[in-house]
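Chains as they are written, first to last, in the working numbering: chain A, 437 to 1146; chain B, 437 to 1146.
Honestly, the hints are just simulated from the structure, not real lab data.
Be aware that a few hints might be false.
Intra- or inter-copy, both count: the list cannot distinguish identical chains.
Below are the DSSO-like pairs computed for lysine-lysine, each with C-alpha atoms no more than 30 angstroms apart in a straight line [as the list claims (entries may be wrong)]:
#1 K539 - K988
#2 K599 - K1139
#3 K905 - K1136
#4 K1054 - K962
#5 K905 - K539
#6 K988 - K1140
#7 K913 - K1140
#8 K1139 - K916
#9 K1141 - K916
#10 K525 - K650
#11 K590 - K1141
#12 K586 - K988
#13 K1136 - K525
#14 K905 - K1054
#15 K599 - K1140
#16 K905 - K664
Protein chains: 2
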Amino acid sequence: MVDTAPRTSESARADERASSSPTKGAAPGASVDTAPAPKLDVALVERMLRGSYPDVRLEAREVAKDPQFHKVEGLTLDEQRERTLEQMKVQAERGFQLRAFPKRLGGYEDAGGNLAAFEELVTADPSLQIKGGVQWGLFAAAVLHLGTEKHHDKFLPDAISLKVPGAFAMTETGHGSDVASIATTATYDPETEEFVIHTPFRAAWKDYLGNAAKHATAATVFAQLITKGVNHGVHCFYVPIRDAATGEFLPGIGGEDDGHKGGLNGVDNGRLHFDHVRVPRENLLNRYGDVSPDGTYSSPIDSPGRRFFTMLGTLVQGRVSLDGSTTIASALGLYIALTYASQRRQFVAGNPDEEQVILDYQRHQRRLLPRLAQTYAQYFSHDVLLSKFDDVFSGRADTDENRQDLETLAAALKPLSTWHALDTLQEAREACGGSGFLAENRLVGLRADLDIYVTFEGDNNVLLQLVGKRLLTDYAKRFKGASAADLAKFAAGQVVGKAYNEGGLRRVGQNLADLAGVGHSIEALKDHETQRALLTDRVETMVAGIAAELNKVRRAPAAEQAAAFNTQQNELIEASRAWGELQQWEAFTAALDTVTDAGTREVLGWVHSLFTFGLFEKHLSWYLIHGRITGRRGAAVTAYINRLLERLRPHTLDLIAAFGFAPEHVRAPIASGAEGARQEEARAYYAELRASGQAPVEEKALKKKAKQRG
Amino acid sequence: MVDTAPRTSESARADERASSSPTKGAAPGASVDTAPAPKLDVALVERMLRGSYPDVRLEAREVAKDPQFHKVEGLTLDEQRERTLEQMKVQAERGFQLRAFPKRLGGYEDAGGNLAAFEELVTADPSLQIKGGVQWGLFAAAVLHLGTEKHHDKFLPDAISLKVPGAFAMTETGHGSDVASIATTATYDPETEEFVIHTPFRAAWKDYLGNAAKHATAATVFAQLITKGVNHGVHCFYVPIRDAATGEFLPGIGGEDDGHKGGLNGVDNGRLHFDHVRVPRENLLNRYGDVSPDGTYSSPIDSPGRRFFTMLGTLVQGRVSLDGSTTIASALGLYIALTYASQRRQFVAGNPDEEQVILDYQRHQRRLLPRLAQTYAQYFSHDVLLSKFDDVFSGRADTDENRQDLETLAAALKPLSTWHALDTLQEAREACGGSGFLAENRLVGLRADLDIYVTFEGDNNVLLQLVGKRLLTDYAKRFKGASAADLAKFAAGQVVGKAYNEGGLRRVGQNLADLAGVGHSIEALKDHETQRALLTDRVETMVAGIAAELNKVRRAPAAEQAAAFNTQQNELIEASRAWGELQQWEAFTAALDTVTDAGTREVLGWVHSLFTFGLFEKHLSWYLIHGRITGRRGAAVTAYINRLLERLRPHTLDLIAAFGFAPEHVRAPIASGAEGARQEEARAYYAELRASGQAPVEEKALKKKAKQRG
């Protein structure tokens, strides 16, 4: 029996240093091995990755170490749901959930810190994270953000303490991302001063609601507010739904269990419907719209459209927190797969006496290291997003413009990072082969739990389309009054002008006449200003091209305009993705600029280059078609990526050590050092066998000898 | 309550025809709507997709309809394992498993038909499929293919009847894809005329073996055969492992349960180890290597290397069957997502009075229709593969060359189709939003079960590398004796010559001087000979480039050669993928050529174009860099894909109807017509409300009116 106890990343690293041979073979044209090898300052980078909430993160990571919060695989649906509820109760008792709430209710009014702590929970159990998110980040947060003081006093304490588990009843079976079109009604009855909540047909059932299948005794219900014959649009109501003592639905309320899901089975998702359920007038969460006893509607926001978006905007925190959570999950997946890859040996390559460590295979590096670089970029861009979020939600910089910028940035980054997590966890699982498929090694469970992150809190494609519309709006503002000739010139990509918004794009310091040359040389492509120009130019040129197409039908009937928009939809979503990638690049670049330690700067610079050249490679056909990178140099992008892989190989374990995971966060036997120990045992066995003189001769060797004699 | 009973695809299609509006807006430059619309002959295409085993497939689909074979979600590990075993027993009683076995033992000696039937089971329950695959396709098949008549008589009847459930003990914890390096030993003892099976250390435990955790009472164990002090390499032994009555391990044998996995939890994977376990000499499955009573080794195959590959080659059927199974699973995922997409409405687009069917959104088409085209290609290429398999395994054309071609083709197609299934099932699940995440809609369960298909029966990356080595070998043969100048010329891509092997690549009818021009025009790119030339040229140029790099170090020490090979590994795997894509293209093209019905030819031709232009778009940067497609025309590739999407949109339901799924295969409530029924109900509700005069006025409309009044 070998020791399978988890080891620290430090000892795993030491193991690897001892057993791994240096990079073999000269890299084409590289002079990597002649200079003294740079060294990453792991502690420094670890601090960088903790971002703006270092203490909160460290504290939350301590919580996440506690075995009672860890996911247990193989439980039944009921067992997993009950376990998750119990975990939440413990958290509530310990006050883990208090950060976001008002000081007068025992909270800290620390919006950003709350999300940082929430994000770190992903290593413990995503079900716990999301069920907690439903309770405190959606149900209680709706009371906090959409209600007023009277609601805070009346409903928040029990929501915070989990005395009242709640559901957030927004989505309907018939309407997911299009919340404005939900069909549940809340009709005001001045006779009794009550709202009548009603589900008119099956498609209007509330659906996919966490806590709704079993535990919720109340819900924040979104419905069309109707009073005096006028529909004032979607508002939110506090509605008790179950008898806390019996767990039975209250009169007029019914529901169904969504049953088994692809993951997150600790969260009891379900459906709710309402048959003329009456709640007091005061249960309208009335921060953005109110109804007086006689049924008169009033709102501080005159435009129904702006009012709707303001109400929904309070929910941006879900998107922000998913960006952070999935980045940590990607890091964890890479930690597991890269640790294993640095110990696992398979097939003989250069050295006939020893199998090669699989991370020394170029393909294996190709599969994992670019994803590591992307994950690094996301750590930095997430911190930018989280800081913006805190600026707005702390009230420090709560302007309409900042809110819109925050929403746009969240809508761009959340899709990229959630998709990246699924892609990375899958590649990590495949890179660990059959071991990766065992639940004990966590990759499959994490991926299954995170699957829904790409479509909840805003479907990724819908979010990117929102970003695209913002890009088009900003573009239109900028060129208001411009001549058709100017527009055509811009659309043809001849000018790189001012960036769209100060939040993200910066002024590009050169025009495309300069750009046309840089693609000739890899050296030029390494320059950060050039990189910025290439990435920015791509967004601008794509948006300009789409705008030019839409401009052609701007006086046509609505149906024709819609059809024209539809022909540009895919391109628009790609442009939004490009904008999101640019934001990630800006954040990574800014973070790199703060590093003064030479070794760290060099190694982290290679990671930055790998991320950036990865973007160039991914979009290479665009750069070639648009003449930004020449064909002759296009192939050099790939060759340079291969060089970066060789350079980064020896620093891989330092780079994953900087994620700061403890064995209690990792909990995967294959990343525990067990693989290295097994190989040690095998090596010792063969050495002893050879020494004993009892080792069998290989038939192949005999045949070869016979042939030589023959 | 609405009717949620499954409907036939026919009725779903009729629904959609009635409710879907015609394509809005003119396609750029298209004249699609002026000609009479072509019509796919669904029955004809359905017959085409059934391929060479139409009757077997229809029969197996009837079996797959039986609810007792359907996966039940949410069972515990033990429940699911027992259910799967019970399902297999029913199958065994009914003789479902007999097709591959000798006639004298009750079988049909129908190797190809056996796989066709196996593949169709994927719609019932992948666990049943794979646990059956372990029993009959691996354990019993090892006895059949590696044993001789005495083994067939002694072991096969009980293996076939499931009286002896068996494990296939090849993989070890320390060695997955590198079977030649396994460490379990089988040392011959002439005193007792027994083999001693032994596990020398922990890394040599057999691992991830289906049936090993609980049910297997015997195993076919792969071990290094040692006799008279010589190791003759990996051979296979029949080893009883458990007492059938008690379920306890026999003396000297131990094991562990692999526990919960990411999917396929009906299969009880586990580990086995052997402590000097003795089996009679006759238990060596001795078709390719035998040991006489005195310990003398003999083999019909002199070369240990060739002997090893011949033994492993008998296992190719696993790869072949996964190619077919995952293609059917992809089709099922697309059937579900496209049916839903053709009924689901979300957001108002062109028509302000009705939300748009989501399949009318360009992005939604982009997400699903190219994957549909890929799936179509795979149906045809799989049938080519399956026919080749039957040619070899029926003995009709069992030559070394055919076996090698079969193995190469299987090694190329299995990675492409298994990855495609995961990608497609994921996109399908996302395209169904929250509904897609519910287990009842099957997409998440199918994806979880199929996840392991990409790394078992040969890790996809390892398989593609095998293909790459074959491509390099063929290339070397072809240019044996060629001058360095010839090689350089070829590597530079100036000549397209004869194809690598007659099995796959055909002679390309033009040289690159012609090719250089075609990229200027989309029309030219539509020509099949041009498409073949472009796809073939890409493979050849990539292989030539790699060969040229390797050629530089061909006299260098082994370590340097290995390092040089490593720098080409990623490119080689990409070249293999390109070769696999070419095989898929050839099969699709050949199938299309058989169609005489004009409407079918046109619609299926668009599917073929979508597949082909999808390849051009995916590899566009390569075609641009290498001057095969000009920059000016590069963008037109994407524009043409968008046109194809518009053309195919009205034929989508016909194309998925041709997969031939019955409601009993689909079993997903969202693809049952329930979505359409819910919308009907909602529409009727609103119509009645409007007619009643009780409908509330929209605040927005009031405000607009007030403004107009000024």
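Each hint tested on the structure:
Within a single copy, K539 and K988 get their C-alpha atoms no closer than 55 angstroms, and across copies no closer than 72 angstroms, so neither meets the 30 angstroms cut-off. Taking the shortest Cα distances, K599 and K1139 never come within 30 angstroms of each other, neither inside one copy (78 angstroms) nor across copies (43 angstroms). Taking identical chains as interchangeable, the C-alpha atoms of K905 and K1136 lie at most 30 angstroms apart only when they sit on different chains, with a minimum of 21 angstroms there against 67 angstroms within one chain. When the C-alpha separation of K1054 and K962 is checked against a cutoff of 30 angstroms, the pair qualifies both within a copy, at 16 angstroms, and between copies, at 26 angstroms.
In this assembly of identical chains, K905 and K539 lie within 30 angstroms of each other by CA distance neither inside one copy nor across copies; the values are 38 angstroms within and 67 angstroms between. Taking identical chains as interchangeable, the C-alpha atoms of K988 and K1140 lie at most 30 angstroms apart only when they sit on different chains, with a minimum of 27 angstroms there against 76 angstroms within one chain. For a Cα distance limit of 30 angstroms, the shortest separation of K913 from K1140 across copies, 24 angstroms, qualifies, whereas the shortest one inside one copy, 79 angstroms, does not. For the identical chains of this complex, K1139 and K916 are inter-copy neighbours only, at 27 angstroms across copies versus 83 angstroms inside a copy, given an alpha-carbon limit of 30 angstroms.
When the C-alpha separation of K1141 and K916 is checked against a cutoff of 30 angstroms, the pair qualifies only between copies, where the shortest distance is 28 angstroms, while the shortest distance within a copy is 85 angstroms. Taking the shortest Cα distances, K525 and K650 sit within 30 angstroms of each other inside one copy (15 angstroms), while across copies they are farther apart (38 angstroms). For a Cα distance limit of 30 angstroms, the shortest separation of K590 from K1141 qualifies neither inside one copy, at 90 angstroms, nor across copies, at 39 angstroms. With identical chains, the CA atoms of K586 and K988 are never at most 30 angstroms apart, being 52 angstroms at best within one copy and 80 angstroms at best between copies.
Neither within a single protomer nor between protomers do K1136 and K525 lie at most 30 angstroms apart by alpha-carbon distance, with minima of 65 angstroms and 44 angstroms respectively. With identical chains, the CA atoms of K905 and K1054 are at most 30 angstroms apart both within one copy (24 angstroms) and between copies (27 angstroms). In this assembly of identical chains, the alpha carbons of K599 and K1140 never lie at most 30 angstroms apart, being 79 angstroms within a copy and 45 angstroms across copies at closest. Neither within a single protomer nor between protomers do K905 and K664 lie at most 30 angstroms apart by alpha-carbon distance, with minima of 35 angstroms and 77 angstroms respectively.
Figure legend: structure checked against the earlier numbered hints; hints not met, in rising order: 1, 2, 5, 11, 12, 13, 15, 16.
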